[in-house]
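**Student:** Below, each chain spelled out in residue letters.
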Amino acid sequence: MTAERPIRVLIAKPGLDGHDRGAKVVARALRDAGMEVIYTGIRQTPQMIAEAALQEDVQVVGLSILSGAHIELFPRVLEELRSRGVDDVLLFAGGIIPEVDVPQVKEMGFSAVFGPGTDTNDIIEFVKQHAPQRA
Amino acid sequence: MSKSKHEWGESTFAKATARSKERRERFESSSGAEVEALYAPEDLAEWNYHEKLGYPGEYPFTRGVQPTMYRGRLWTMRQYAGFGDAEESNRRYKFLLEQGQTGLSVAFDLPTQIGYDSDAPEAEGEVGKVGVAISSLEDMETLTAGIPLDQITTSMTINATAPILLALYVAAARRQGADLSKLGGTIQNDILKEYIARGTYIFPPRPSLRLITDSFAWCREVVPEWNTISISGYHMREAGCTAAQEIAFTFANAIAYVDAAIKQGLAFDEFGGRLAFFWACHSNFLEEVAKFRASRRIWAKIAKERYASKDARAQTLRFHTQTGGATLTAQQPLNNLVRTTLQAMSAVLGGTQSLHTNSFDEALSLPSEGAVELALRTQQVIAYETGVADTIDPLAGSYFIEAATDRIEAEVWAYIERIDELGGALEGIEQGFQQREIQESAYRLQRQLETKDRVVVGVNQFVTEGDRPPDILRIDPEVGRKRAASLAALRARRDNDAVRACLDRIREAASTDENMMPLLIDAVEAYATVGEICGVLREEWGEYHEVLTI
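Keeping their order, the protein sequence lines are chains A and B.
Quick note on the numbering used here: the first sequence kicks off at 1 and runs consecutively.
Quick note on the numbering used here: the second sequence kicks off at 136 and runs consecutively.
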């Protein structure tokens, strides 16, 4: 057996909404699947999220938002990540993101959008398959 | 020959289950308690009608808080609404009132709830999204224009900034010439559950509790008909907790508020009658009916036994109910109409005082006008066509309902004792107790869905491909810019010396125990904004930081 380094994931909540049920369930499921998960808590600014991603040296960033501010806030998080040189992370989003917005969110650089009713096993599988390798 | 339930279980029932198994190994309630195949007189052997139920309008109020219940007056049909700017929301309120809605319920956007004006950098992307943006008295007057505030009651879902929004509402009512002694409505004003689940806190607990007790004392003098707090289980339930946890954590919070008010010199019977409660109604139909009934009995006991209440009104648990947002599915969204109908029915059978029915498209976005109208029609059909409102507490005496009511009561007392042992609700929150309990329940539920131990139609069974999503409400992306322009104009137009003087007075009072409410009224009447007032208080009191429990 090779001692593989566990995948490191940041689960973050940008914006002002306090709906953290989904984010916490996903964080817990990824952790139970053997990953190292950092959960930021609610009401994080784009700067705080990018800083946490940098400091924690994560391979994966999942953003959860339910207030409808994703179109405004996601690009700002991405900007902050890039300005810190964090450009090789796998991005995914969750929360209430209307179907019609999904193409736009994917175009921003998110590899997947997981809406309500998603099975956490699908998220685990997705992360395992797509997380960039780290030395 | 009369047979006991036990004998039936060993004979007729055992034979049948030997031939073919039941659908599941074990049937259970939301909290995991076993639900038996049958309830019979044996289950209520020790049960005493007068002790457990009594009569409507009498202690312990299990059967209802009013002597006539819905035969006198139906519950208030109150749809939670608000989006965009004040003008747009005012139009939606007038539409709802024209459709026969009997009370208003205002949803504020997140910046307003967290004390930021629409033009603050923190508000970016959030203005008008989940509710209406209100920063000044000008906005509140626009919101309530043409709606006679002395003739309807208004519920405002507002917590950290509740005293300021109440000040704005009272100031707007005063300008309409309304008689304040008749002004009716509710502010949520329940900060403890914000720390536990909902997340729109600003200040640390101590100054937050002081604002709440200030509003209790001030309302008693100025707006005596106003419900000063709506202690809410709804959001904790939405965050994943069980029916019994919903009631228990809410009552633990209620006890903390009552204790704080008593410490400020108020007597329980002076303000107990102005406490309102807010429950969720999820899909386990009979358990929810039992929950509502149990909650009335428990609160009456808390009032009488813990606080030596002598005033019947202060012992009555009056509550609003909202159907369960978290039970709605994005998949096959029309199914949500059915879910909401059943949930609304159990809230009515449980004796709610007012009701919000969710719209079927709310798992996708804020509700569209057509969906809101259907949701209101659902209540009207229950009220006028089904006959369930024609007799009081019609499920009373059912072996199962009474056993479930007792079971929930016992689970709630156990949690209240546990939280008492931790030192009370606030200490529990600081240790992350309630948060962890809720997370555990939410995770357990998620696992049950994934193993199909629990079925949600259209999500993990009876799935169809290619649902066409319904048309959803989009918030005008220009609303933020428009709001910023109107705030800039207001700041140029108003008497800024007067605003500064008011804000200075608030700053001084922050470190004393002067009642903050009259100062807030002065400030909003001088057109100081929500963000400016909160800015001063943030500087004086600091901000709360979440206890991370994962």
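If you're looking for bench data, these hints aren't it; they were derived computationally from the structure.
Backbone N, C-alpha and C define an ideal beta-carbon position, used for all residues, glycine too.
Hints may contain errors.
As the list claims (entries may be wrong) - EDC-like cross-link-like pairs, simulated, lysine to aspartate or glutamate; straight-line CA separation at most 20 Å:
hint, chain 1, residue 1, chain 2, residue 2
1, B, Lys587, A, Glu125
2, B, Lys587, B, Asp606
3, A, Lys128, B, Asp602
4, B, Lys587, A, Asp122
5, B, Lys617, A, Asp57
Said to hold, decoys possible - With the C-beta cut set under 8 Å, the calculated list includes, among others, these residues of chain B facing chain A:
hint, residue
6, Gln311
7, Ala498
8, Ile610
**Student:** Now look at each hint and say whether the structure bears it out.
**Tutor:** Status of the hints after comparison with the structure:
1. Distance restraint check for lysine 587 of chain B and glutamate 125 of chain A: the Cα-Cα separation of roughly 19 Å lies within the 20 Å cut-off, and the hinted pair is therefore satisfied.
2. A hinted pair counts as satisfied when its Cα atoms are at most 20 Å apart, and lysine 587 of chain B with aspartate 606 of chain B does not qualify at roughly 30 Å.
3. Restraint check: the Cα-Cα separation between lysine 128 of chain A and aspartate 602 of chain B comes to about 29 Å, which exceeds 20 Å; the hinted pair is violated.
4. For a cut-off of 20 Å, the pair hint linking lysine 587 of chain B to aspartate 122 of chain A stands: about 15 Å separates their Cα positions.
5. Among the hinted pairs, lysine 617 of chain B with aspartate 57 of chain A is inconsistent with the structure: their alpha-carbon atoms are about 40 Å apart, more than 20 Å.
6. With its C-beta approaching chain A no nearer than about 31 Å, glutamine 311 of chain B sits outside the 8 Å limit, and its interface hint is violated.
7. At its closest, the beta carbon of alanine 498 of chain B sits 6 Å from a beta carbon of chain A; the interface hint therefore holds under the 8 Å criterion.
8. The interface hint given for isoleucine 610 of chain B holds, since its Cβ lies 7 Å from the closest Cβ of chain A, which is under the 8 Å cut-off.
The earlier numbered hints that this structure contradicts are 2, 3, 5, 6.
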